[in-house]
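Asks: Each chain, letter by letter, is given below.
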Amino acid sequence: EVQVLESGGDLVQPGGSLRLSCSASGFTLSIYAMNWVRQAPGKGLEWVSYISVSGGSTDYADSVKGRFIVSRDNFRNTLYLQMNSLRAEDTAVYFCARKVYYYMDVWGKGTTVTVSS
Amino acid sequence: EIVMTQTPLSVSVTPGQPASISCKSTQSLVHSDGKTYLCWYLQKPGQPPQLLIHEVSNRFSGVPDRFSGSGSGTDFTLKISRVEADDFGVYYCMQSKEHPWTFGQGTKVEV
Chain A
1 EVQVLESGGD LVQPGGSLRL SCSASGFTLS IYAMNWVRQA PGKGLEWVSY
51 ISVSGGSTDY ADSVKGRFIV SRDNFRNTLY LQMNSLRAED TAVYFCARKV
101 YYYMDVWGKG TTVTVSS
Chain B
1 EIVMTQTPLS VSVTPGQPAS ISCKSTQSLV HSDGKTYLCW YLQKPGQPPQ
51 LLIHEVSNRF SGVPDRFSGS GSGTDFTLKI SRVEADDFGV YYCMQSKEHP
101 WTFGQGTKVE V
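Taken in sequence, the protein lines are chains A and B.
Read in the numbering used here, the first sequence has 31 at position 31, and its numbers run on one by one without any break.
Read in the numbering used here, the second sequence has 57 at position 57, and its numbers run on one by one without any break.
Any given hint could be a false lead.
[To be verified] Listed next, the stretches of chain A that the computed footprint assigns to chain B, with coverage defined by at least 3 CB atoms under 8 Å from CB atoms of chain B:
id	stretch
1	22-31
2	99-111
[Claimed, not checked] The list that follows gives simulated cross-link-like pairs (lysine-lysine, BS3-like), each with its CA atoms no further than 30 Å apart:
id	chain 1	residue 1	chain 2	residue 2
3	A	K43	B	K97
4	B	K108	B	K97
5	B	K97	B	K79
6	A	K43	B	K24
7	B	K79	B	K44
8	B	K108	A	K109
9	B	K97	B	K35
10	B	K24	B	K35
11	B	K35	B	K79
12	A	K99	B	K79
13	A	K65	B	K79
14	B	K24	A	K99
15	B	K97	A	K99
16	A	K65	A	K109
17	B	K108	A	K43
18	A	K43	B	K79
19	B	K44	B	K24
20	A	K99	B	K35
21	A	K43	A	K65
22	A	K65	B	K35
23	B	K79	B	K108
24	B	K44	A	K43
25	B	K97	A	K109
26	B	K44	B	K97
27	B	K108	B	K35
28	A	K109	A	K43
29	A	K109	B	K79
30	A	K65	A	K99
31	A	K99	B	K44
32	B	K108	B	K44
33	A	K109	A	K99
34	A	K65	B	K24
35	B	K97	A	K65
36	B	K24	A	K109
37	B	K108	B	K24
38	B	K108	A	K99
Worth flagging that the hints you see were computed from the coordinates, not collected in a lab.
Glycine included, each C-beta is placed from N, C-alpha and C at the ideal position.
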């Protein structure tokens, strides 16, 4: 079965940092572009970031630009989201999602990030 | 940024009856390649979103044919011909014409 699995979510204080990971099973993550999408409690979906297959091209939502860094280790078949200077409004479930053409077809169950003192 | 607006935000539907959700974008979703990049997702409680429709009207693999998408330019519609109990959840439209990819606010369908 084709799946992605996020990990690394935790409770962190405002201003702190956290690194999320995303691994794949049933397919080779390293040959797909990937996205991170988040969902604040009780809210809708917000696209967060994109990374190309090689990792040479990335993009971010304005709300996280300059604070979050997306990267990938294709040798380890793993995607990362380094989150710095975390704010309360970053509290959300973070999903990683496989990009195919112009849509996201495989989503993980998400990992929960809570930013609170 | 392209803003996506869905209506209604909530709808109660009797099983067996049709349902329709509208999605409007603040800019045309026609890409320079001539294609229109508008998707529909369904998110059930406690689950990640699942892709229903891509490029306005293409049903994703395994999606029942009671789901159909239509529209062009800035106005799009998702229709469910006969709602089933398994169709409850929140429906989102999403544009992928350009970054940042943006979602509508979501439409809660209660059955």
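Asks: Of all the hints given earlier, name the ones this structure violates by number, lowest first.
Replies: Hints 1 and 13 are the ones this structure does not satisfy, whereas the remaining hints hold.
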